[in-house]
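Q: Chains as they are written, first to last, in the numbering used here: chain A, 1 to 353; chain B, 1 to 353.
Everything labelled a hint here was simulated from the structure, so no lab data went into it. As the structure is a computational prediction, the values presented were derived from the model and not from experiment. Check before you lean on any hint, since a few could be wrong.
It does not matter which identical chain is meant; a pair holds if it fits inside one copy or across any two.
Unchecked claim - DSS-like, lysine-lysine: derived pairs with alpha carbons at most 30 angstroms apart:
| # | residue 1 | residue 2 |
| --- | --- | --- |
| 1 | Lys350 | Lys182 |
| 2 | Lys23 | Lys131 |
| 3 | Lys115 | Lys56 |
| 4 | Lys165 | Lys350 |
Number of protein chains: 2
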Amino acid sequence: MAGMTDIRPPRFLDACRRKPVDKTPVWLMRQAGRYMAEYRELRKDYGMLDLIHEPKLACQVTMQPIDAFDLDAAIIFADILPPLEGLGLKVGFEAGEGPIVYNAVRDEAAIKSLKDPDIQETTWFTLEAIKLVRQQLDPRGIPLIGFSGAPFTLASYSVEGGSSKDFILTKRLMMGRPDLWKQLMDKLTTLVGGYLKAQAEAGAQALQIFDTWAGLLGPADYARFALPYNRAIVQEAKTAGVPVIYFSTGTDGMLELAAQTGADVIGVDWRIDLAEAWRRIGPEFAIQGNLDPTCLLADWPAVEERTAAVLDSAGGRPGHIFNLGHGVLRETSVEQVTRLVDFVHQYQVKPGA
Amino acid sequence: MAGMTDIRPPRFLDACRRKPVDKTPVWLMRQAGRYMAEYRELRKDYGMLDLIHEPKLACQVTMQPIDAFDLDAAIIFADILPPLEGLGLKVGFEAGEGPIVYNAVRDEAAIKSLKDPDIQETTWFTLEAIKLVRQQLDPRGIPLIGFSGAPFTLASYSVEGGSSKDFILTKRLMMGRPDLWKQLMDKLTTLVGGYLKAQAEAGAQALQIFDTWAGLLGPADYARFALPYNRAIVQEAKTAGVPVIYFSTGTDGMLELAAQTGADVIGVDWRIDLAEAWRRIGPEFAIQGNLDPTCLLADWPAVEERTAAVLDSAGGRPGHIFNLGHGVLRETSVEQVTRLVDFVHQYQVKPGA
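Please work from the sequences and hints to get the whole structure.
A: Dropping the structure here:
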């Protein structure tokens with residue numbers, strides 16, 4: 001593991017731009033979280049939203065995995081829901097239920113009454129946390145990733161009022177009232193575009209868009225009801241001059257559409273071979289992924305085998321950022337994460353793999 | 001809708017063999033179920049397992065959608081879990097929890113103690129129900145589909161003890177103890193192969209394999225830990241001389257592997273364009289799917305548009321069986337199902353679509 005005073009080569013940002021790097025860069029979605037004792041300790045005193053709303057605490061949590069593992073990027077500790085507060089939505093996290101939107105948006109009146117937020121004011125805590133984190137990361141040469149939920153995924157939470165199995169209310173609104181859907185998505189697109197840009201201006205050196213629920217849609221519905229808004233936010237985020245990563249799950253049947261978002265990096269889940277995914281999105285994109293996060297719960301040989309397979313599939317070509325295919329599971333052991341990160345850095349791609 | 005005395009052309013079975021048909025055949029996964037008042041009425045007096053264990057009741061439920069809609073195939077009313085009872089597992093269905101295996105199989109001792117079932121004895125109720133249904137269907141020329149869960153999906157339920165979000169226990173066993181996994185899968189493969197064949201011998205004219213959880217796996221793990229067993233059961237089922245359908249979800253990044261099961265028909269979910277899926281599996285397969293079941297909850301124009309898109313994507317080529325991309329949702333209205341089935345039969349594919 002790198003000492004605190006080493007300056008790291010900019011391999012994560014270089015890989016986002018498909019420049020050659022000394023080692024494959026690695027970071028992990030949900031790298032700060034319940035699998036770490038330091039995080040669980042903090043959560044005894046603070047709720048999830050407390051940690052997000054207090055910049056010093058958000059900074060502290062962001063740094064926990066950076067201090068513990070040899071990671072090539074940090075991601076600001078936040079969640080995709082709090083920016084919705086700027087629209088007038090009340091969000092929360094309840095044990096066993098996950099994220100909640102208490103005043104779900106399900107009709108024209110609710111959509112029309114959504115506020116136009118002043119991003120600087122309504123997301124100040126995350127923007128401030130970004131500044132604090134940068135002060136700690138800069139001496140170590142580790143870049144910081146900002147992020148947002150994609151408009152479709154945020155719309156899904158806003159309409160359902162939380163997570164759901166089939167997202168019936170969302171899809172009924174989307175399919176049955178495309179006029180209202182557009183109104184809702186336009187508001188979310190303005191919010192997300194502004195929020196991403198504000199994060200870059202506050203110091204985020206890359207931006208990731210999480211479209212967790214995109215895989216609920218068939219390709220034609222994705223192309224019509226989600227993609228145009230993703231294109232708009234990517235375009236807006238890119239004006240800040242930082243690389244943009246678009247991550248979605250369950251979309252392996254329509255990866256070509258994910259690439260049409262225009263992001264610099266496409267994040268893929270583990271349900272597809274990485275080389276096949278890269279072939280389908282095309283060589284002009286960098287790619288991020290895609291180890292099955294569940295394998296970290298098996299013994300090390302199972303992790304090593306699958307990690308090597310991901311790296312061999314990427315074949316050492318510039319533009320691969322190693323990550324999981326989804327977030328770190330809370331049952332993961334920190335020892336496995338340590339070994340994983342170090343293994344990625346040390347691995348030599350097999351010739352001809 | 002066809003009268004009770006009409007004899008239907010064998011368009012479903014012909015399509016399974018990629019023969020030309022007069023109209024696109026249509027049936028719906030979970031076409032018998034809670035969205036129908038007749039079914040809800042029966043469930044006031046009987047639990048799910050009661051209906052499955054009593055052949056007359058299973059026959060009655062199987063026929064409910066056949067009497068209500070102009071469907072081209074019936075599917076025997078049963079569930080993927082009861083055959084596990086033959087291995088010594090205790091299964092049940094609890095409100096709000098879904099399927100349960102009370103004595104989950106998680107270690108070597110549990111796997112070794114699984115019984116070798118006498119299929120005729122342990123699944124007699126479904127085999128008997130098949131015979132009863134055939135008596136009612138034959139005069140109408142409607143074929144009957146038998147089915148089973150795939151070994152991987154059954155293993156997932158057996159190890160977890162029910163449904164799960166990440167299927168950690170299953171994947172930990174699979175990845176960490178491939179030797180035990182093979183023992184478990186071998187037993188399930190013998191069970192499923194025998195059960196499928198017994199259904200065909202009892203009168204099922206086609207067999208569908210449900211691999212609901214296959215999309216939990218990355219392609220390499222699927223190829224190693226699920227596919228060989230799927231190939232074995234397909235091979236065994238085919239010796240009965242009836243067409244075999246392999247359906248999985250979340251597998252759009254590895255459809256080529258689904259085709260390697262050797263099934264005659266590949267069922268696909270709605271997360272991929274049907275023409276693209278067909279191109280990837282190859283013209284030597286028939287294809288089944290793939291309307292997003294959620295769209296049936298929107299108004300009719302939304303259903304019509306998406307149904308036409310599926311049919312245009314299939315392009316009228318022999319070998320397309322219309323179905324949803326997953327089961328009918330319980331919130332679906334019977335009026336929408338009636339219109340859907342009739343629309344599929346009447347639709348003329350757009351030239352050049």
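Q: Compare the structure with each hint and give your call.
A: The hints, checked one at a time:
1. Lys350 with Lys182: between (48 angstroms within a copy, 29 angstroms between copies)
2. Lys23 with Lys131: The answer is within: 28 angstroms in one copy meets 30 angstroms, while 64 angstroms across copies does not.
3. Lys115 with Lys56: within (28 angstroms within a copy, 59 angstroms between copies)
4. Lys165 with Lys350: Cα proximity of lysine 165 and lysine 350: none, with 41 angstroms in one copy and 34 angstroms across.
Taken one by one, the earlier hints fail for this structure only at number 4.
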